[in-house]
Structure formats: C-alpha cells, structure tokens
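Engineer: Spelled out from the first residue to the last, the chains are:
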Amino acid sequence: MIRHRWLLLLFRVIVGGVFIWAGALKIADPLDFAQSIKNYQVVSPTLALLIAIVLPWVEVLSGALLIIGVLKRSSALLISLLLIGFIGLVALALARGIDTSCGCFGSLSRRADLSLILTDAVLLVFSLSVFFARPTRRNH
Amino acid sequence: MSRQSEEAPGTKNLARGVLVIIAMSIVLGAAVHFPLLRRFAAGEFREGFFDARAYAGIRFITLAETEDLFAQRTQGTEGLLFIDSRGRDDFAAGHIPGALSVPLERIERSRKKAQGSVTLDFPGAQTLIVYCEGGDCQTSISLAKIIHDKGYKDIRIFAGGWAEWHAAGLPEERSQ
Numbered sequence: 001m002i003r004h005r006w007l008l009l010l011f012r013v014i015v016g017g018v019f020i021w022a023g024a025l026k027i028a029d030p031l032d033f034a035q036s037i038k039n040y041q042v043v044s045p046t047l048a049l050l051i052a053i054v055l056p057w058v059e060v061l062s063g064a065l066l067i068i069g070v071l072k073r074s075s076a077l078l079i080s081l082l083l084i085g086f087i088g089l090v091a092l093a094l095a096r097g098i099d100t101s102c103g104c105f106g107s108l109s110r111r112a113d114l115s116l117i118l119t120d121a122v123l124l125v126f127s128l129s130v131f132f133a134r135p136t137r138r139n140h
Numbered sequence: 001m002s003r004q005s006e007e008a009p010g011t012k013n014l015a016r017g018v019l020v021i022i023a024m025s026i027v028l029g030a031a032v033h034f035p036l037l038r039r040f041a042a043g044e045f046r047e048g049f050f051d052a053r054a055y056a057g058i059r060f061i062t063l064a065e066t067e068d069l070f071a072q073r074t075q076g077t078e079g080l081l082f083i084d085s086r087g088r089d090d091f092a093a094g095h096i097p098g099a100l101s102v103p104l105e106r107i108e109r110s111r112k113k114a115q116g117s118v119t120l121d122f123p124g125a126q127t128l129i130v131y132c133e134g135g136d137c138q139t140s141i142s143l144a145k146i147i148h149d150k151g152y153k154d155i156r157i158f159a160g161g162w163a164e165w166h167a168a169g170l171p172e173e174r175s176q
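Protein chains in written order, with our numbering: chain A, 1 to 140; chain B, 1 to 176.
Take these hints with a grain of salt, some might be off.
Pulled a few chain B residues facing chain A out of the computed Cβ check, cut under 7 Å [what the hints assert, rightly or not]: (1) MET24; (2) SER25; (3) PHE49.
Hints are computed from structural coordinates only; laboratory data are not their basis. Built from N, CA and C at the ideal position, the CB exists for glycine as well.
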C-alpha cells in the first residue's frame, strides 16, 4: 500500500485531471460519444445516449472531487470501476475484432487497442492506490 | 469496538458518496442535454448519432435505393460514386463493383498525423454512396461526416452495407 502523501496527491492530480479532461470533451459533443458507445455494439441506442449524457459528468465530478479531496474514496472507487469497465470494453472489442475509436477523449480519441488498455491499467493502479490508502490520521 | 463495526460507517459513507456523484451527474446531464433527450424521444438519432441539422447533406438509403443508384451508374450516369469505408482486406475480399476503397481507419490516422486536416477529393463525384460491413457497423457514418465536412452535400449511407448487398446476391468485385 502506498502511504507517501505527495505521491498519492500526484496520483490524484493525474487521474483526476485525465478524467476532467476526458469528461469535458465528451460533454461538448454528446452525440459523438453516443456514436462511439454504439460502435462497441454492446448496448442499445437508447442506453448509448443515456450513458453519453450521464457518464461524462460522472467523470468530471469524480475527477474534480478526487483532486480537491472531497468524497475522495468514493471518487477513487467510481473512477476505478469506470476504468475496469473501459478495459473490459476495449478487450471485448479487440476479441470481437471490432475496429473502433475508443471514444474516450471526444474528437481526440484514439483507437481502442492494447496500448489503450495499458494506459487505463496504469490509471487504475493510481486510482486504486488512492482508494486503498490509509487516511493520514491513522498513521499517527 | 470490533473491526467490522469500525468499517461499517466507512462503507456506508463510501456508498453514499458514490450515489451522490451519480445522482448529481444524472441531474447535470439531463439539465444540460435536455433538448437532445427531447429530440431522441421525438424519433431522431435512431439510425445514427449525428446531428441531422449539422449534416443536412447526409441521408440513409435502403438496399433497393442503393441498387437503383448502382443501376444508374452502370448505365452511365455520371457523378455517382460508391465508397467502401471498410479495411483494405475486407475490400479486397469483395465489394460493390466500381467502389472506391476509403478505409476510415487510414483517414483517421492521416487526420491525426496532419492534425485534423486530410485531403479527400473525389473529382467528378456529386452523389457519394458510403457503406461499411452492415449490421451495426458505424464506419460509414463516421466517414460520411468527414466527407460532408469537406464540402460534399449529397451523401447517402447504405446502412445495410456489404452484408446486405452480398446476401442479396448482387454483383460483386474482388481485388488483390
């Protein structure tokens, strides 16, 4: 378990920053994101639109709260769950031979491939480190 | 105090925090994108998630309409161009005769390298019929949007795509 305060803060800023950025780009173009979700061929169009409308806000709010330290563990948990979901979705798309853009950064999205899974895995390690970190007061 | 009873309030707070974030997201999402939800409820975006107002030159066509356009092109009508947005291998294995291979993946890669700008020119073409694999494939829609942004204003998306064309036993062409 990582206990170094500054390292955990760095993790929070990195993960939170990435999620705020990713969410904001999607909020700016919900239809593009809905199309990206639909491209994975996992959910119905209705669900794709609902996810496209709600998920970016979950990303922005969790990212912001993770950085400022309010509801920190809840945010870290949500972000970890999202990352696990993203990794699963990309792996599924790869296994099914679906060639699509990940949809993760709006119009700046890259292809859903192995390198994306690795990036998400690194972010997952960071967010889980924050989630499992002991509160500072318990160290004293 | 036992360990279990120490953790219980933490778990409760954790779940409460998650619910608060999700609830706030639903409220914000619904408030900001309410017009979009209303348009969806009214029947928009059923074939593809693109703004029909922003892409007025794009429309979806059926197999019968595609066949009709193919017949017109075969009879010598100028200005009709079929565009296959699938990968090179799929195109080589079989495509609509006379179709041009424009794999979306390559276009997106080129756009990234050129920082958003890519040359897409189809000399003499006025009506572009874009198709991909069919079923739930979406590359035709993405490519149609890019072409539309390049100034082409009569783009038809054959949603049934190659799968429907092939299943109907219509003319095919293979390339190496």
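Engineer: Taking the numbered hints from earlier one at a time, note which ones the structure violates and give those numbers from smallest to largest.
Structural biologist: Every hint satisfied by this model.
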